[in-house]
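Keeping the supplied structure of chain A fixed, place chain B upon it in accordance with the hints.
2 protein chains.
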Amino acid sequence: MKVKINGTMEEYRTVWMTDSVIYMINQPKLPACFQIYGSDNHRKTAKSIKDMIVRGAPAIGATGAFGITQAAIEFKGDDFSCFLRHMEEAKKTLKDARPTAYDLFYAIDKMSEEIDKTSSIKEAISLLQEASLNYANESTERCRLIGVNGEKLIRDSSRILTHCNAGALGCVDYGTALAPIRIANDNGKKPFVFVDETRPRCQGSRLTAWELIQEDISHSIIVDNAAGYLMRKGEIDLVIVGADRITSNGDVINKIGTYEKAVLAKENNIPFYVAAPKSTFDYNSKTGDETEIEERSEDEVLYMWGIDSDNRLNNVRIAPKESKARNPAFDVTPAKYISKIITEEGIYNPQEIPTKH
Amino acid sequence: MKVKINGTMEEYRTVWMTDSVIYMINQPKLPACFQIYGSDNHRKTAKSIKDMIVRGAPAIGATGAFGITQAAIEFKGDDFSCFLRHMEEAKKTLKDARPTAYDLFYAIDKMSEEIDKTSSIKEAISLLQEASLNYANESTERCRLIGVNGEKLIRDSSRILTHCNAGALGCVDYGTALAPIRIANDNGKKPFVFVDETRPRCQGSRLTAWELIQEDISHSIIVDNAAGYLMRKGEIDLVIVGADRITSNGDVINKIGTYEKAVLAKENNIPFYVAAPKSTFDYNSKTGDETEIEERSEDEVLYMWGIDSDNRLNNVRIAPKESKARNPAFDVTPAKYISKIITEEGIYNPQEIPTKH
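So the sequence lines, in the order shown, correspond to chains A and B.
According to our numbering, the first sequence is numbered sequentially starting from 1070.
According to our numbering, the second sequence is numbered sequentially starting from 1070.
One should not assume that every hint holds.
One copy or two, either will do: identical chains are not told apart, so a pair holds if it fits within one copy or between any two.
[Said to hold, decoys possible] List time: in silico DSBU-like cross-link candidates among lysine-lysine, alpha-carbon distance up to 35 Å:
| # | residue 1 | residue 2 |
| --- | --- | --- |
| 1 | K1335 | K1393 |
| 2 | K1164 | K1179 |
| 3 | K1390 | K1335 |
| 4 | K1390 | K1258 |
Calculated directly from the structure, the hints in this document are not laboratory data.
Isolated chain A, as found in the complex (with noise of 0.2 Å):
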């Protein structure tokens, strides 16, 4: 992705590994700084999941896939079963860093296919470090793919919602809701995007407004609350979101709001387009609603990440300090409030998703 640094461009990938050390763009820094940070063990990898560091489901997948690598990296001995049992705890904290990105699991148990061919440590490293790379690659041009497929459902100076951060930022490069409007801004259609904020970690006011301006692509922040006031208004023509799982049945589990934006558009008959990569289908559950849905730290809603003046960014309380929140971080859409799923193959109703990876 392009990112702006003193006036010159540049490319970045989200995450990216060389020797030993994973590298991420630092999101909870942004947008008030850009900065990079390093991670040389599986263990603070899973910490920079868990909090956040990358987010996104197919980041996160290509997270997961770096940090099995780093992991076998990182043994001390030669026993291949002592590797085994090593990398099965590996496999255990990485997945356990977030239970909903269904794409984690995706990724880990992919690299533990690699495991599963060779019976020496060194071959074993030399595997996963090719397969985390490919990985990482064909993740990223699975979401050149879905932009490729989805931006035929743009039509010249569309006014899409979106919500939360399904940019580059959520995956390694491209996006998966933001690849269909990048590629129809390079092709001239001047697509407009009305950016959710996405409360309360604030994705679409941090991440994806601060990728578009990196592209330059014409936007506005509004709160998650003025969706439906604008779909109701005219105001929007489309809908595109990213999906963090895929069930069988074509639901839809992704960030808290999301089922509210797809009601509010059926009602007001706007397309409702999921973008995602085959890799988030989840074909052992039936429904959305068999998913365990994560949730976060109530510290989440009663407080606000803000950049102050010198900025920096600074937490501040925003609720009377004897009040309790609820903050459940996903939720399920049902499929038929979908209009469409797009994804690397082409595009799907929800209802006919492609059955096999």
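Same frame as chain A, now just chain B:
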């Protein structure tokens, strides 16, 4: 309303007038600190409405009534036609402070009728003093009756969603949406309240939560995005909100996001109640879509007020400095999404609202 101050309980109204000074609870300072703001002239009073030191339709109405009285007291001279011109200007200044709240227009027009009764400035002042005090007292009584009527819709341990602040702080006392909850709690029904934080100004997490603490009513703050999730999970039994304006056909104009919650409630078969005094009814408008919707400063979206470690309110930016925002302050909820309208005179279907004041 009860206010806990240093361990003791004191009784307050949101707005009151003593001699020529209008006093109001300084709402932007809440919940960090409880402070009274005094305005000694009607222009300052209009500004206090515009700046939302006082907010909520019934509270703005009473403030408008007091503001007219204040403008009359301010007048220097003895020419009655000059007085009338001065009063016309004052009416305009006060009405212009918030274009959407119908109560404000209603209260000011009520005060006008008093001026029409006399051709003596002294008598006009005296009539206005009595009428504005009566207006505030009657407004309080209307809210109490809304509470008594609405309480019947609440069962033991009902889990109630409310949006924005339609509590005592939005009225002279009692509140509209919160009045039934307050009375249900007094009657031992133990209601539980989910408080929508209500971005952008967070009247829910700042004001409604603060009021519920004063009354010892159990509650959880949620981000606006989470209401639909909780409805779908069956964790919300009913919704009660206030109204800034109700048009002849039963459409409700209220805080941005109300429309979203109403659509979601209907989709999930949850009753959606609007609690408002009859002064909120705008018989001059056939439908809600005729109402001008105020768009407020984009800074309300791009910045967030928070309480720092010294218990001071600070403004922090939560979006990239290059980003713009849209900030509609209200929306229109069509009558078809509303189960009942709770007034001081009884409970009505939105299609059958009472036809005169």
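Evaluated hints:
1. K1335 x K1393: Cα proximity of K1335 and K1393: in one copy and across copies (33 Å, 27 Å).
2. K1164 x K1179: within (13 Å within a copy, 65 Å between copies)
3. K1390 x K1335: between (39 Å within a copy, 33 Å between copies)
4. K1390 x K1258: between (48 Å within a copy, 25 Å between copies)
The structure meets every hint from the earlier list without exception.
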